[in-house]
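Residue numbers (this note's numbering), protein chains in the order written: chain V, 305 to 707; chain U, 4 to 380.
These are computed hints drawn from the structure, not numbers from a lab.
Careful, some of the hints might be misleading.
[As the list claims (entries may be wrong)] Below 25 Å or equal to it, Euclidean Cα-Cα: the simulated BS3-like pairs (lysine-lysine) are: (1) V:Lys-314 <-> U:Lys-284; (2) V:Lys-546 <-> U:Lys-5; (3) V:Lys-587 <-> U:Lys-5.
[Claimed, not checked] Chain U regions said to be covered by chain V (calculated; three or more residues, Cβ under 8 Å): (4) 35-47; (5) 77-88; (6) 94-108; (7) 230-239.
Heads up, the beta-carbon is just placed ideally off N, CA and C, and yes, glycines get one too.
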Amino acid sequence: MKLQEYTESKHNFEECMKCTVCTAYCPVLQVNPRYPGPKQAGPDGERLRLKDPFFFHYALKYCMNCKRCEVACPSDVKVADLIQAARIKYDRSKPKLRDRILASTDFMGSLARPFAPVVNGVTGLGVTKTLLDATLKIDRNRTFPKYSGRSFERWLSRREKEQAAFPEQVSYFHGCYVNYNFPQLGKDLVKVLNALGVGVRLLDKEKCCGIAMITNGMTEQATRHAQHNVAVIGKAVAEGRKVVTTSSSCTLTIREEYPNLLGVDNAAVRDSLMIATRFVFEKLERGATLRFRPDFHKKVAYHTPCHMEKLGWGVFSEKILRMIPGVEFTLLDSNCCGIAGTYGFKKENYAASQAIGAPLFDQIRTINPDVVACDCETCKWQIEMSTGYAVANPISILAEALE
Amino acid sequence: MKFHTVIIGGGLAGLVSGISLQKAGKSTAIISNGQNALHFFSGSFETLEEVPQRMVDLLEEAGIRTHYQPGVRLMPLGTFRPAALSLEDISLFPTPRFGKKVLIVTFRGYHDFFSSFLAEGLEKQGMTCRIHPLDLPQLEWLEQSPSEMRSVQIARTMDRIWEVVVQEVRILLKDEDTVVLPQVFGLQDTSVPGRIRQGIPAQVVFAGTLPPSVPGIRTQMLLKRRYELLGGTYLMGDEATTAHVHDGVVHSIVTKNLDSHFLEADHFILASGGFFSKGLKSNPFRIHEPVFGLDVEQAPDRNDWYHPEFMSDQPYLSYGVKTDAGLHPLQAGAPMKNLYAVGSILGGTRPEMGSAAGLAIRSALTAVDQILNQPNA
Numbered sequence: 305m306k307l308q309e310y311t312e313s314k315h316n317f318e319e320c321m322k323c324t325v326c327t328a329y330c331p332v333l334q335v336n337p338r339y340p341g342p343k344q345a346g347p348d349g350e351r352l353r354l355k356d357p358f359f360f361h362y363a364l365k366y367c368m369n370c371k372r373c374e375v376a377c378p379s380d381v382k383v384a385d386l387i388q389a390a391r392i393k394y395d396r397s398k399p400k401l402r403d404r405i406l407a408s409t410d411f412m413g414s415l416a417r418p419f420a421p422v423v424n425g426v427t428g429l430g431v432t433k434t435l436l437d438a439t440l441k442i443d444r445n446r447t448f449p450k451y452s453g454r455s456f457e458r459w460l461s462r463r464e465k466e467q468a469a470f471p472e473q474v475s476y477f478h479g480c481y482v483n484y485n486f487p488q489l490g491k492d493l494v495k496v497l498n499a500l501g502v503g504v505r506l507l508d509k510e511k512c513c514g515i516a517m518i519t520n521g522m523t524e525q526a527t528r529h530a531q532h533n534v535a536v537i538g539k540a541v542a543e544g545r546k547v548v549t550t551s552s553s554c555t556l557t558i559r560e561e562y563p564n565l566l567g568v569d570n571a572a573v574r575d576s577l578m579i580a581t582r583f584v585f586e587k588l589e590r591g592a593t594l595r596f597r598p599d600f601h602k603k604v605a606y607h608t609p610c611h612m613e614k615l616g617w618g619v620f621s622e623k624i625l626r627m628i629p630g631v632e633f634t635l636l637d638s639n640c641c642g643i644a645g646t647y648g649f650k651k652e653n654y655a656a657s658q659a660i661g662a663p664l665f666d667q668i669r670t671i672n673p674d675v676v677a678c679d680c681e682t683c684k685w686q687i688e689m690s691t692g693y694a695v696a697n698p699i700s701i702l703a704e705a706l707e
Numbered sequence: 004m005k006f007h008t009v010i011i012g013g014g015l016a017g018l019v020s021g022i023s024l025q026k027a028g029k030s031t032a033i034i035s036n037g038q039n040a041l042h043f044f045s046g047s048f049e050t051l052e053e054v055p056q057r058m059v060d061l062l063e064e065a066g067i068r069t070h071y072q073p074g075v076r077l078m079p080l081g082t083f084r085p086a087a088l089s090l091e092d093i094s095l096f097p098t099p100r101f102g103k104k105v106l107i108v109t110f111r112g113y114h115d116f117f118s119s120f121l122a123e124g125l126e127k128q129g130m131t132c133r134i135h136p137l138d139l140p141q142l143e144w145l146e147q148s149p150s151e152m153r154s155v156q157i158a159r160t161m162d163r164i165w166e167v168v169v170q171e172v173r174i175l176l177k178d179e180d181t182v183v184l185p186q187v188f189g190l191q192d193t194s195v196p197g198r199i200r201q202g203i204p205a206q207v208v209f210a211g212t213l214p215p216s217v218p219g220i221r222t223q224m225l226l227k228r229r230y231e232l233l234g235g236t237y238l239m240g241d242e243a244t245t246a247h248v249h250d251g252v253v254h255s256i257v258t259k260n261l262d263s264h265f266l267e268a269d270h271f272i273l274a275s276g277g278f279f280s281k282g283l284k285s286n287p288f289r290i291h292e293p294v295f296g297l298d299v300e301q302a303p304d305r306n307d308w309y310h311p312e313f314m315s316d317q318p319y320l321s322y323g324v325k326t327d328a329g330l331h332p333l334q335a336g337a338p339m340k341n342l343y344a345v346g347s348i349l350g351g352t353r354p355e356m357g358s359a360a361g362l363a364i365r366s367a368l369t370a371v372d373q374i375l376n377q378p379n380a
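Extracted from the complex, chain V is given alone in its bound form (with noise of 0.2 Å):
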């Protein structure tokens, strides 16, 4: 019986029987009242778009796209697609100067690698963020992620041979993060595979997934990347190698936002896809051993990302940590965060930023853990600024605990 196939409407809209469960869970509806909320942003206003473009409203650019009424709808109403679709169609605005800048993590990271303890330094300076500020309207409160001199490209291609030596190869999706600010979560991941006796090689020149691009209007360089990245993804695949990710938010976009939104196919690459912690728990789960330190103890407090929860992946993570010798493991209240990448950056959004992370924040203090783990990148930047208390990824967690 195929009858709901012919009816099916676009992301799922007609599916809502405004049951309003979603509003309950919307970070954003909780702090800022100039947003509509996600079942008016989404699926009641799509009916009236639907209509007349002029019913589309600029206040759903305070979505912060973080899913959460996903997740919650009973009906299975694809509501912050609806709410990013409408953007996409209908926002005629172009994406300011700061917009374009914090959106293009690939380019920025091409150009300040090279001089990154200056960039760093500058960066760092309360002038400058007082600047920026004033400028460009990113909040002065915000520390920006530091540099790295070196690539994880760089690092990685200098070890081809010493990684083709494994038996079994995957690739890996490391982002703009690994690559251009943190390359020791990469050397991490290429520990733990190691360990597992998988050798990991890099994509054909992969490209930034592209979600800040999504979020600030840029559709056509995102879809560019979307295609190039499908594309190098495919070919990795097509080899026989499943390709392994670090962040949850590349993570879904390439796995739900490229076909839902870009309209850029990834049947060939979806399934091939995952983030690291999955694919070592399916390796333990099929006899692989890990051999741990005999002296680690830690206190790890597990945040699962928004996109985590999304993807409904945070469970491999878990497991992961909790199965580590030495590991006093509490999984936080699954709250965001408040960052949601760049739209925590822009002034307008700082106080709505701080006000959602709260209950998080205040969770983390209680618990008092000596790290707090999770897959996301601006969620680690949100809760080191906000609270202090460091954050790793599972993965760099794991490698630590190794012997």
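Got chain V sorted already, so can you dock chain U onto it with the hints?
Just chain U, lined up with the frame of chain V:
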């Protein structure tokens, strides 16, 4: 991934099953396809005539305080319904006439609380009523977006400013013996309803609002937190799509998010709810259960599923999966050996009578007992 028991459905029935099994030291996972019927919970578990003590304990351990007192409770439109075991903030009365003079307090701009219907209903019982909408500056920010002035939004503010409401009500009170307030208190801070009762020198009755239900969301959050604290795996926003079954024995479940990664277990509990939760689905020809293809009780002719008069008894509302006496659902007439159906998917309930919560608890505990009493458990 392997568990002792995999539960499909994260509402009251699924959470009660999961918590009970985790307490018995069994590893479980709950697959929850979005949020659940607890978001429309009245706060009363009506059908429980005698309360199993372990159910009260289970709720208490999760931080949910209840009281048991067979009687009636006030409905959102001013009618009354029999009730027994209820959340502490739901008032239970021996008879519908619970006071003489009643002050009904609401908030300016709040459309999800039916104060005039309430007054009409109470006046029918011989009470006199006065309605007063409070004008609180602390709620003004919500009025900027009138469609979003909902129970949960107000409740978030009330967790912080409930004392202001107490002060305002104390000033308003003349000779009334009872104050009726909307159920917008104690979303995060569960002590708030009790403190409001202490602070107001009259009987305080909290009456239901339009959804989402604040006591319901609080119950959901506390049960889920308890379940996760006991080590349970709650897969939020995932959907069980198919199952691997051989000779009436379920081996694993396939989900939308975990695709090729199956959830294996020795036992399975189906707590996927009724039509609203998509535990049951319908098309023009039949009503079916989507995960296992179980036998569903139904009239063969679609015209007999419903009654043309909207407000009369609707037969489809009582449809559910067929089971044997041990709650094993039937597939092509034969019972599934390690699968149990619990909660609203069983059918036979009357949602308009509010009996679903009682059924959820009873059937969940029955299934858990059977799983734990097996020799290989």
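List of violated hint numbers, smallest to largest: 5, 6
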